[in-house]
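**Student:** Residues per chain are reported as follows:
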Amino acid sequence: MSDHLLSLTTFLPILGVLLLLFIPKDSKGVLRGVALAVTVVTFLVSLPILFGFQTNADFQFTENVPWIAAGPFAMHYNVGIDGISLWLVILTTFIMPLAVLSTWTAVEEKVKEYMICLLILETGMLGAFISLDLFLFYIFWEVMLIPMYFIIGIWGGKNKIYAAVKFFIYTMVGSLLMLVALIYLYFKGLNAGFTDFGLLQFFDLRLDPATQAWLFLAFALAFAIKVPMFPLHTWLPDAHTEAPTAGSVILAAILLKMGTYGYVRFALPLFPDAAHRFAPLIATLAVIGIIYAALVAMVQEDVKKLVAYSSVAHLGFVMLGIFAFNTQGITGGMLQMLNHGVSTGALFLIVGFIYERRHTRLITDFGGLSKQMPIFATVFMIVTLSSIGLPGTNGFVGEFLVLLGSFESSLRWWTVIASSGVILSAVYMLWMFQRVMFGELDNPKNQKLADLNAREIAIMVPLIALIFIMGVYPNPFIEKMDPAIQKLIARTKPVSMTAQQMPAMQGLPAGHPAMPGMSAPSAEQAAPAVANPNEVK
Amino acid sequence: MDMITIPAVSMTPILPEIFLSVLAMALLLINVFVPGSQKSYLGYISFVGVVVAAILVGSGWGAPVESFSGSVVQDNFATFFKMIFLVSAGLAILISDQYMEREECNHGELYPLILFTVVGMMLMAAGTDLMTIFLGLEVMSVSLYVLAGFNRANLKSNEAGLKYFLLGAFSTGFLLYGMALTYGATGTTRIAKIAAAAGQMTVPSANVMLVAGMLLMLTGFAFKIAAVPFHMWTPDVYEGAPTPMTAFMSAGPKAAGFAAALRVFLVALPTLQVEWSQLLWVLAVLTMTIGNITALRQDNIKRMLAYSSIAHAGYALVGFAAGNSTGTAGILFYMLSYAFMNIGAFAVIILIGKKGESNGNVMDFAGLGFRHPVLAVAMSVFLFSLAGMPPTAGFIGKFYLFSGAIQKGYIGLAVIGVLNSAASVYYYLRVMVYMYMKEPTEDFEWTEVSAPIALSLIISVAGSLIPGIVPSVILQYAEQAIKLI
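Protein chains in written order, with the numbering used here: chain A, 1 to 537; chain B, 1 to 485.
Bound-form chain A, shown alone (with noise of 0.2 Å):
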């Protein structure tokens, strides 16, 4: 049964569907009900992998079939997780039952058909993190769109066929491209000696620049747009506000989360000479889009596509720890995937709430909703606080892990630009919540809402819990990811880099010796002389 645990976790929600099918379209408590103890049990089925997870960089829990032999082509279904890969399967699964549970009172019609949707969506999800297979993670990265298109097609707000076509064939378009550099690249393995799509071999195989550029740009493309990345984050706004509450959550929490996952598992170790010559610009990029992510979102007027920007510049974070290629910018950039996912999963769903009941998300129709709403109000500062990044909640490990990291390496003057965006999206954050929150209680609308309910409370209490285990003591999380992050800068090390530059690669001053694992409280001890940029208070 171990042996088969990922694939299990991965399949569970497709014998839910099943299940589904047999329930008449009208008994929608009980559709609801088995959706809910669908991913409930899936979330459980996964829970021994997490604690079965040796704290090493190997690839674990795999599966390995041939699938596909024909011609010159070997596919096979090849699946493993390792550090990297296991907190975004856990997210997954976490997610999805609060985002099912999110759907109780938000989705009158077509009940049956959105739970299906949402399963499927997240089989698709949870295949794409644990493909070991390029030709596996090319099919589950497609099979996703089809899921989310049709949520945000049917259940969709007022624009929604134009945000649900265009969420399609711009992820679409980029996925393409990758398929084509994949290919190219099994051809180029084939050459080399190797017999199938196994992700692992192609590690070592070294091409010349000229080819890793090539790939490396189709490659970054595709998980640019997914990112997403300025300038390919036009349809990011759109999907987001069009999109129903649990689609939005899925979408901001887990989604998003494939193109920075793509990146840190395909493109940055299998070309990484290409990854460290596009740095730059990828920074730039990311810098930009933190920046002026932060800056759209202030005049945003509607709460839901505020938030959405605010997803644009906190991946810009993520990427710039990313390209840090030292551990500190790396193991920022995964918690702060996984921050994200947590913060802005909740920010969505407290939006949902909010839209719930008032059908409208304008944030001049709100004002002083606190005096009316406390525990809304006090769920609400939690999430924005950890939107932020305050100290003590789970951004401000992340936030700081990837300034941090990003400082110590070449990209230096980034990091101080993007330093910046931390104000920014406080000013954003802070100013929505007082125009939305406080202030006075005038709109008549607003003043016999019903504070959050029972069921309510349920889904944000693990959420809250998380973004204060996380920021207070995020050394579990870090620990398991910490032997894979290694091995990724170990294979990132291009070609040319002399022994004197490694040491600073690790985010240290040059001369001292490397240190393995590393917690946030012994980050600021390697660098005191770092001035503490997220001093927002």
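Since the hints were made in silico from the structure, they are not lab data.
Be aware that a few hints might be false.
Straight-line distance between alpha carbons at most 25 Å, and here's what the computed SDA-like set of lysine to any residue pairs gives [said to hold, decoys possible]: (1) B:193 x B:275; (2) A:110 x B:439; (3) A:28 x B:373; (4) B:408 x A:191; (5) A:110 x B:275.
Please build the complex by placing chain B on the supplied structure of chain A, with the hints as guidance.
**Tutor:** Here is chain B on its own, set in the frame of chain A:
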């Protein structure tokens, strides 16, 4: 007096053709005695005949058997394509019954004509002599001209038949002229001997007659597979012909055109590969691009699928331009899966349509998603397969074709191919938008799904999904099929 030596003739290679011809002629005779209300039985008999023919064809898998002095062969390549033809004919027969009843068209002769078309196509695939290929092409084409204009009461159908006839006859003239020039240059019409003769020329590409012959033959075949710029007949003929015949025409004859073209170009003219490869590169790009761009603007779903079939021929031309085993096997796989997904889509169109070919717009799909969920799911499978989304057969086919191009070094062609694929997603998604995201119109009546159409839908969905998830079997057959050419 000298005895005329009659060469030893083995009937085995053409046994399926003989069987189908005899069956078709028998059906023509029976048709005279069958009353108008019971013409459907002819359809059932012909479907059974197609299944029997498929068994006959399948039993011929294995070592090649030549006959008729080497002008016909029964090899894996021919067998694979014959299966494609039989699949498309079988599905077309299944879906024509309900349509013809609705249009109140006397459809007794339809089934023999379909069978004759299949005979022609089979000869095209099995022919190893230019004359045999031409013979098969003519038998197929003449039957198709009649099938396109079958609905005599409908003006558009008449237009379709006449247009197809005129343009088809013209292009066949080009093809024949090309064959004549090739004969002039090499002294033979046997495909294997043409290859030998061309191989003996010092610079084959300098032989003007041979190159001109190749160009003209390419023109003739390009017309049949509806490649740009020889595609102008396709939208009007597809729109005007009765919908089941459009379905049949989009799958079978296209595959037959590719079969003959592959045999001629890969086996007879490999010495000119550099030249025709470049030509096909241009043809592929033009076909894909123009097919997709024009399809974006179509509202009539049959016209949209007509332009999309032009684009799909373009994707197959990518594999043809590559000319390596991956690309060619990709063409075989793609033609098979294309038959399933396209005829499946047309089956749904028949169910949506009303008498007199009304209800043929994309808008008429509105609301199908929740009124008839099973049908909408089937249509979605077909649309996703046509668009090339995993995990459907359409994706595997495109993957193989573009891989062939990349393996040959035509990266640019592959990139253009995938960009076209992405562009095509838009008009396939448009139908899905109407199905799932728009409310149905008030006067949405519904026709019952007859058993034959239901069967055809099940077969089509299986044929679109299963080769997408476990494609190894069919891919291995395809790879084996092209080993000898």
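**Student:** Run every hint past the structure and note whether it holds.
**Tutor:** Cross-check of the supplied hints:
For the proposed pair residue 193 (chain B) and residue 275 (chain B), the alpha carbon gap of about 20 Å is at most 25 Å, so the pair holds. Taking the CA atoms of residue 110 (chain A) and residue 439 (chain B), the gap is about 13 Å. The hint holds against a cut of 25 Å. As the CA atoms of residue 28 (chain A) and residue 373 (chain B) are separated by approximately 18 Å, the hinted pair is consistent with the 25 Å bound. A threshold of 25 Å between alpha carbons decides the hint, and for residue 408 (chain B) with residue 191 (chain A) the separation of about 13 Å falls inside it, so the pair holds.
For the given pair, residue 110 (chain A) sits about 57 Å from residue 275 (chain B) by alpha-carbon distance, which is inconsistent with the 25 Å threshold.
Checked against the numbered hints given earlier, this structure breaks only hint 5.
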